[in-house]
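> Whole structure, please, built from the sequences with the hints as guidance.
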Amino acid sequence: MIGRRAVTGGLAGVAALALLVGVTGCAPAKPEAVPSDDGATAAVTVTVVDNRYEPADVEISVGDAVTWEFAGSMEHDVVAEDGEFVSELMQSGTYTHVFDAAGEFAYDCSVHPEMTGVVRVVA
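The sequence shown begins at 3 in the working numbering and counts up by one.
Simulated from the structure, these hints should not be mistaken for lab results. Just so it is clear, the structure is predicted and the values come from calculations on it, not from any experiment. Built from N, CA and C at the ideal position, the CB exists for glycine as well. Take the hints with a grain of salt, since some may be wrong.
[Unchecked claim] As a list, the in silico SDA-like pairs of lysine to any residue whose alpha-carbon atoms are at most 25 Å apart:
(1) K32 - M76
(2) K32 - R54
(3) K32 - G74
(4) K32 - S112
(5) K32 - V60
(6) K32 - N53
(7) K32 - A67
(8) K32 - E56
(9) K32 - A108
(10) K32 - P115
(11) K32 - S75
(12) K32 - E90
(13) K32 - A82
(14) K32 - G95
(15) K32 - R122
(16) K32 - A125
(17) K32 - T49
(18) K32 - V113
(19) K32 - M92
(20) K32 - Q93
(21) K32 - E116
(22) K32 - G85
(23) K32 - E86
(24) K32 - D84
(25) K32 - V51
(26) K32 - V123
[Stated by the list, open to error] The calculated label-pair distances, taken between Cβ atoms and stated as ranges, are:
(27) S75 - A125: 33 to 41 Å
(28) V124 - L91: 14 to 22 Å
(29) A104 - S75: 33 to 41 Å
Here it is, written out as structure tokens:
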């Protein structure tokens, strides 16, 4: 015979699993990683550390590159809103992207969405 406590515990577990599936099913998936432009010389370097991008907002010219340098104890990434540049999760190392068009490119960290930045590219 199954006790009331076992049934209640089992129902709680099923409810928690359903909630988890529901929440993760609504979360947007991270776009596929875009390879780093490792051979490019960066006009600007952004440090990724302590749950922030430093500096968070940068301005460059068309054809320039930005390098993100990862330092610290946690993994982060760089994910453009439009998917143009997407790094792997990294704790150390660098990721570089060359910007071939003018515009404003917002990005964040897929793990820490409060980490945001903008690359402004001028003609």
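> If a hint holds in the structure, say so; if it doesn't, say that too.
Do the hints match the structure? See the list:
1. For the hint linking K32 to M76, the alpha-carbon distance of about 18 Å falls within 25 Å, and the restraint holds.
2. Using a Cα cut-off of 25 Å, the hinted pair K32 and R54 holds, with the two alpha carbons roughly 19 Å apart.
3. Taking the CA atoms of K32 and G74, the gap is near 22 Å; set against the 25 Å cutoff, the hint holds.
4. With a C-alpha separation of about 7 Å, the suggested pair K32 and S112 falls inside the 25 Å cut-off, and the hint holds.
5. The suggested pairing of K32 with V60 holds, with an alpha-carbon distance near 23 Å, which does not exceed 25 Å.
6. Proposed proximity of K32 and N53 is supported: the alpha carbons are some 18 Å apart, at most 25 Å.
7. For the suggested pair K32 and A67, the alpha carbons sit about 23 Å apart, so the restraint of at most 25 Å is met.
8. Restraint check: the Cα-Cα separation between K32 and E56 comes to about 22 Å, which is no more than 25 Å; the hinted pair holds.
9. For the hint linking K32 to A108, the alpha-carbon distance of about 15 Å falls within 25 Å, and the restraint holds.
10. Distance hint between K32 and P115 is fulfilled; the C-alpha atoms sit about 12 Å from each other, no more than 25 Å.
11. Note on K32 and S75: the hinted pairing holds, with a Cα-Cα distance of about 22 Å set against a maximum of 25 Å.
12. For the suggested pair K32 and E90, the alpha carbons sit about 10 Å apart, so the restraint of at most 25 Å is met.
13. Taking the CA atoms of K32 and A82, the gap is about 10 Å. The hint holds against a cut of 25 Å.
14. A threshold of 25 Å between alpha carbons decides the hint, and for K32 with G95 the separation of about 20 Å falls inside it, so the pair holds.
15. Among the hinted pairs, K32 with R122 is consistent with the structure: their alpha-carbon atoms are about 22 Å apart, no more than 25 Å.
16. Proximity of K32 to A125 is assessed by CA-CA distance (about 30 Å); at most 25 Å being required, the pair is judged violated.
17. Only pairs whose Cα atoms come within 25 Å are accepted, and K32 paired with T49 is accepted, the gap being roughly 21 Å.
18. In summary, the hint linking K32 to V113 is supported, as the alpha carbons are separated by about 10 Å, within the 25 Å threshold.
19. Proximity of K32 to M92 is assessed by CA-CA distance (about 14 Å); at most 25 Å being required, the pair is judged to hold.
20. Simply put, K32 and Q93 have alpha-carbon atoms about 18 Å apart, close enough for the 25 Å limit, and the pair holds.
21. Only pairs whose Cα atoms come within 25 Å are accepted, and K32 paired with E116 is accepted, the gap being roughly 15 Å.
22. With a C-alpha separation of about 9 Å, the suggested pairing of K32 with G85 holds against the 25 Å cut-off.
23. Between K32 and E86, the direct Cα distance comes to roughly 12 Å. Compliance with the 25 Å bound is thereby established for this hinted pair.
24. About 11 Å separates the Cα atoms of K32 and D84, which keeps this hinted pair within 25 Å; it holds.
25. The suggested pairing of K32 with V51 holds, with an alpha-carbon distance near 20 Å, which does not exceed 25 Å.
26. Under the criterion of a C-alpha separation no larger than 25 Å, the hint pairing K32 with V123 is consistent with the structure, at around 24 Å.
27. Taking 33 to 41 Å as the suggested C-beta distance range, the pair S75 and A125 conforms, at roughly 39 Å.
28. Checking the proposed 14 to 22 Å range against V124 and L91 shows it is violated: the Cβ atoms sit about 30 Å from each other.
29. A C-beta distance of roughly 36 Å is found between A104 and S75, which places it inside the suggested range of 33 to 41 Å.
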